[in-house]
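Next come the chains, spelled out residue by residue.
There are 2 protein chains.
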Amino acid sequence: MTDPVLVEVLRCGHVESAHRGAVAVVDADGRTVLEIGDVGQPVFPRSAVKAIQALPLVESGAADACGFGDRELALACASHGGEPAHVELAAAMLASAGLDEADLECGVHWPSHFESSLALARSRGEPGGLHNNCSGKHAGFLCTCRHLGVDHRGYVAADHRSQQLVREAMQAVTGAGHGEENGATDGCSIPTYAVPLKSLALGFARMATGQGLAPARARAAKRLLAACMAEPFFVAGTGRADTRLMQAAPGKIFVKVGAEGVFCAALPELGCGIALKCLDGGERGAAAMVAAVLARLLGGHDADLAGRLMAMAHPPVLSRKGATVGLVRPAAALTG
Amino acid sequence: MTDPVLVEVLRCGHVESAHRGAVAVVDADGRTVLEIGDVGQPVFPRSAVKAIQALPLVESGAADACGFGDRELALACASHGGEPAHVELAAAMLASAGLDEADLECGVHWPSHFESSLALARSRGEPGGLHNNCSGKHAGFLCTCRHLGVDHRGYVAADHRSQQLVREAMQAVTGAGHGEENGATDGCSIPTYAVPLKSLALGFARMATGQGLAPARARAAKRLLAACMAEPFFVAGTGRADTRLMQAAPGKIFVKVGAEGVFCAALPELGCGIALKCLDGGERGAAAMVAAVLARLLGGHDADLAGRLMAMAHPPVLSRKGATVGLVRPAAALTG
Numbered sequence: 001m002t003d004p005v006l007v008e009v010l011r012c013g014h015v016e017s018a019h020r021g022a023v024a025v026v027d028a029d030g031r032t033v034l035e036i037g038d039v040g041q042p043v044f045p046r047s048a049v050k051a052i053q054a055l056p057l058v059e060s061g062a063a064d065a066c067g068f069g070d071r072e073l074a075l076a077c078a079s080h081g082g083e084p085a086h087v088e089l090a091a092a093m094l095a096s097a098g099l100d101e102a103d104l105e106c107g108v109h110w111p112s113h114f115e116s117s118l119a120l121a122r123s124r125g126e127p128g129g130l131h132n133n134c135s136g137k138h139a140g141f142l143c144t145c146r147h148l149g150v151d152h153r154g155y156v157a158a159d160h161r162s163q164q165l166v167r168e169a170m171q172a173v174t175g176a177g178h179g180e181e182n183g184a185t186d187g188c189s190i191p192t193y194a195v196p197l198k199s200l201a202l203g204f205a206r207m208a209t210g211q212g213l214a215p216a217r218a219r220a221a222k223r224l225l226a227a228c229m230a231e232p233f234f235v236a237g238t239g240r241a242d243t244r245l246m247q248a249a250p251g252k253i254f255v256k257v258g259a260e261g262v263f264c265a266a267l268p269e270l271g272c273g274i275a276l277k278c279l280d281g282g283e284r285g286a287a288a289m290v291a292a293v294l295a296r297l298l299g300g301h302d303a304d305l306a307g308r309l310m311a312m313a314h315p316p317v318l319s320r321k322g323a324t325v326g327l328v329r330p331a332a333a334l335t336g
Numbered sequence: 001m002t003d004p005v006l007v008e009v010l011r012c013g014h015v016e017s018a019h020r021g022a023v024a025v026v027d028a029d030g031r032t033v034l035e036i037g038d039v040g041q042p043v044f045p046r047s048a049v050k051a052i053q054a055l056p057l058v059e060s061g062a063a064d065a066c067g068f069g070d071r072e073l074a075l076a077c078a079s080h081g082g083e084p085a086h087v088e089l090a091a092a093m094l095a096s097a098g099l100d101e102a103d104l105e106c107g108v109h110w111p112s113h114f115e116s117s118l119a120l121a122r123s124r125g126e127p128g129g130l131h132n133n134c135s136g137k138h139a140g141f142l143c144t145c146r147h148l149g150v151d152h153r154g155y156v157a158a159d160h161r162s163q164q165l166v167r168e169a170m171q172a173v174t175g176a177g178h179g180e181e182n183g184a185t186d187g188c189s190i191p192t193y194a195v196p197l198k199s200l201a202l203g204f205a206r207m208a209t210g211q212g213l214a215p216a217r218a219r220a221a222k223r224l225l226a227a228c229m230a231e232p233f234f235v236a237g238t239g240r241a242d243t244r245l246m247q248a249a250p251g252k253i254f255v256k257v258g259a260e261g262v263f264c265a266a267l268p269e270l271g272c273g274i275a276l277k278c279l280d281g282g283e284r285g286a287a288a289m290v291a292a293v294l295a296r297l298l299g300g301h302d303a304d305l306a307g308r309l310m311a312m313a314h315p316p317v318l319s320r321k322g323a324t325v326g327l328v329r330p331a332a333a334l335t336g
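Just so you know, the protein sequences line up as chains A and B, in that order.
Okay, so the first sequence: first residue is 1 according to my numbering, each after it adds one.
Okay, so the second sequence: first residue is 1 according to my numbering, each after it adds one.
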């Protein structure tokens with residue numbers, strides 16, 4: 001099965017490039033709301049499932065013990081831009097458990113937010129683990145280890161208690177198996193598992209509604225999604241798709257990007273979860289796809305919101321002088 | 001016709017993303033050497049045809065009048081990284097015609113070479129037109145205007161003498177029509193035209209061999225390709241695919257990237273030209289494609305070189321700690 005073209009990139013009216021993809025939207029009972037392409041294909045969700053990976057932080061009591069509010073929980077679910085506010089909050093999260101940057105095992109990279117990289121260079125700074133887009137998630141892992149009295153060293157390994165807890169949560173929420181046969185290593189060194197898009201969508205329908213989850217897990221899930229929706233800057237950052245989409249409809253849309261063209265999302269009021277993959281791994285295509293899918297699902301409920309979302313699904317292509325010379329455009333298979 | 005998957009991206013042995021593409025390789029008589037996918041589809045070559053766009057600079061006598069050697073000609077054909085040596089040379093090219101950065105109409109962006117952006121920020125600098133990856137090409141346009149006694153202002157417009165000369169060269173070399181019906185605006189504000197991949201491949205076979213071109217044009221074409229092959233750093237820069245591929249076999253491979261997943265190349269000894277497009281516009285896929293195609297074409301002649309090229313077609317996927325967690329891999333449709 002060849003997945004369809006879902007997004008086209010036009011230059012002065014001519015199609016220059018195209019992105020294929022697959023989209024699954026299901027409710028918490030697993031009923032299909034929308035299916036495009038092969039939704040059974042296994043996909044590495046990468047960072048798109050950080051909210052599920054953060055469940056042990058809340059369920060264990062570690063988040064409360066550390067005094068975490070919405071911002072800290074949002075950062076635990078984030079792929080942040082390494083902007084100063086992100087870096088400071090990640091450091092504070094670690095400090096609340098008596099840890100610091102040296103305990104992070106996520107690796108180092110310059111801030112994803114380009115202006116923050118320039119500012120860091122201007123101040124003669126160098127990046128550290130706190131600037132890694134995953135530092136909030138890793139801070140959450142570390143705080144959970146400390147709260148449980150588990151030696152945190154080596155917490156990124158598949159057989160460490162930290163990743164066992166994450167894997168148990170991922171399996172219970174998505175209903176998909178997570179084992180050696182579908183496992184790999186993520187960019188931040190923790191395990192990632194390829195599971196069907198439909199299972200990821202089901203997982204986020206359950207996260208949003210609590211249906212199909214034990215009561216304590218359901219409460220933790222709703223608390224995490226609510227935190228992200230309340231503090232979308234701390235889930236991504238300036239100019240980023242997930243932040244802008246959540247800001248477009250406060251409390252109505254949860255959305256999270258994953259590397260290699262993945263987005264997971266949830267619409268609590270509609271009780272559905274969304275998972276999509278741009279098959280070439282490109283975030284440009286994936287961002288237009290998720291905005292268009294959200295517009296399609298919410299269009300009947302709020303035409304004004306749908307219009308704002310569709311505008312985000314149609315970003316302009318600009319010249320280096322800032323002139324509009326093209327357009328990203330969702331294809332008919334996506335807009336319905 | 002659905003173009004085939006030509007490159008797969010694996011994470012710990014599982015395919016995570018895939019890039020579709022089309023490849024045309026032809027000789028100077030237009031005979032097919034290799035065809036994969038739809039080679040008749042119109043493609044905006046973008047910066048991949050800068051060597052053809054530089055023909056008027058040489059043919060007009062402007063390059064000699066300005067005293068340009070291999071480095072200057074390579075930079076006129078370049079999408080450079082904005083590294084200090086690129087910026088200094090572009091400034092010198094403009095100065096040789098009595099012009100400066102303010103005359104550039106390509107727009108401004110931070111150096112594509114990330115380390116050079118950081119260095120510029122550390123020195124409290126700001127980017128200007130000279131840092132634009134196209135500044136060498138635009139310097140060439142400006143020097144040509146000055147040499148011909150043409151007012152250079154507005155030289156990026158389709159109806160300016162500068163772009164008329166470029167269009168005439170592009171049409172003559174590729175044999176494809178360039179008009180309003182297939183025209184658009186490139187990122188650096190000059191016109192770009194969507195033409196079949198096969199025509200682009202033919203154009204580079206002619207550039208490399210001189211066949212099918214008037215004698216003066218054939219000499220200019222060979223001089224430009226030779227300059228790029230002699231000074232590959234000035235065609236792209238540190239770590240870049242085109243630079244590394246040309247360095248792998250000095251004088252045997254000409255290769256040039258274009259935005260949105262395009263590569264054009266030529267193999268002078270084999271007398272063939274190459275044009276390919278990664279259909280999603282991704283440079284990751286396109287770079288693996290061009291390395292694999294070059295390895296396939298040169299493999300029978302130099303097994304050692306073919307091995308080095310195939311290694312470049314299989315770059316590792318790294319974690320943020322530098323561990324190898326995956327691999328980019330050309331697909332069977334590409335390796336033959």
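Worth double-checking, as some hints may not be accurate.
One copy or any two copies: either way a pair holds, since identical chains are not told apart in the list.
Listed next, the in silico SDA-like pairs over lysine to any residue satisfying Cα-Cα at most 25 angstroms (straight line) [said to hold, decoys possible]: (1) 222 <-> 181; (2) 321 <-> 189; (3) 222 <-> 185; (4) 222 <-> 318; (5) 321 <-> 118; (6) 252 <-> 109; (7) 222 <-> 305; (8) 222 <-> 128; (9) 321 <-> 12.
These are calculated hints, taken from the structure and not from any lab test.
25 angstroms Cα cut-off: does residue 222 pair with residue 181 within a copy, between copies, both or neither? neither (31 angstroms within a copy, 53 angstroms between copies)
Under a CA distance limit of 25 angstroms, which applies to residue 222 and residue 128: within one copy, between copies, both, or neither? neither (32 angstroms within a copy, 48 angstroms between copies)
Alpha-carbon proximity between residue 321 and residue 12, which holds within one copy, between copies, both or neither at 25 angstroms: Result: close within a single copy only, 16 angstroms intra versus 42 angstroms inter.
Intra/inter-copy verdict for residue 222 and residue 305 if alpha-carbon distance must be at most 25 angstroms: For residue 222 and residue 305, the Cα distance is within 25 angstroms only inside one copy (23 angstroms; across copies 57 angstroms).
Within, between, both or neither: how does the pair residue 321, residue 118 come out at a Cα-Cα threshold of 25 angstroms? both (21 angstroms within a copy, 22 angstroms between copies)
How would you classify residue 321 and residue 189 at a CA-CA limit of 25 angstroms: within, between, both, or neither? between (40 angstroms within a copy, 8 angstroms between copies)
Identical-chain pair category, residue 252 with residue 109, by Cα at 25 angstroms: neither (33 angstroms within a copy, 37 angstroms between copies)
Which holds for residue 222 with residue 318 at a C-alpha limit of 25 angstroms: within a copy, between copies, both or neither? Neither: 39 angstroms inside a copy, 34 angstroms across copies.
Using 25 angstroms as the alpha-carbon threshold, which applies to residue 222 and residue 185: within, between, both, or neither? neither (28 angstroms within a copy, 48 angstroms between copies)
Hint compliance for this structure: hints 1, 3, 4, 6, 8 are broken, all remaining hints hold.
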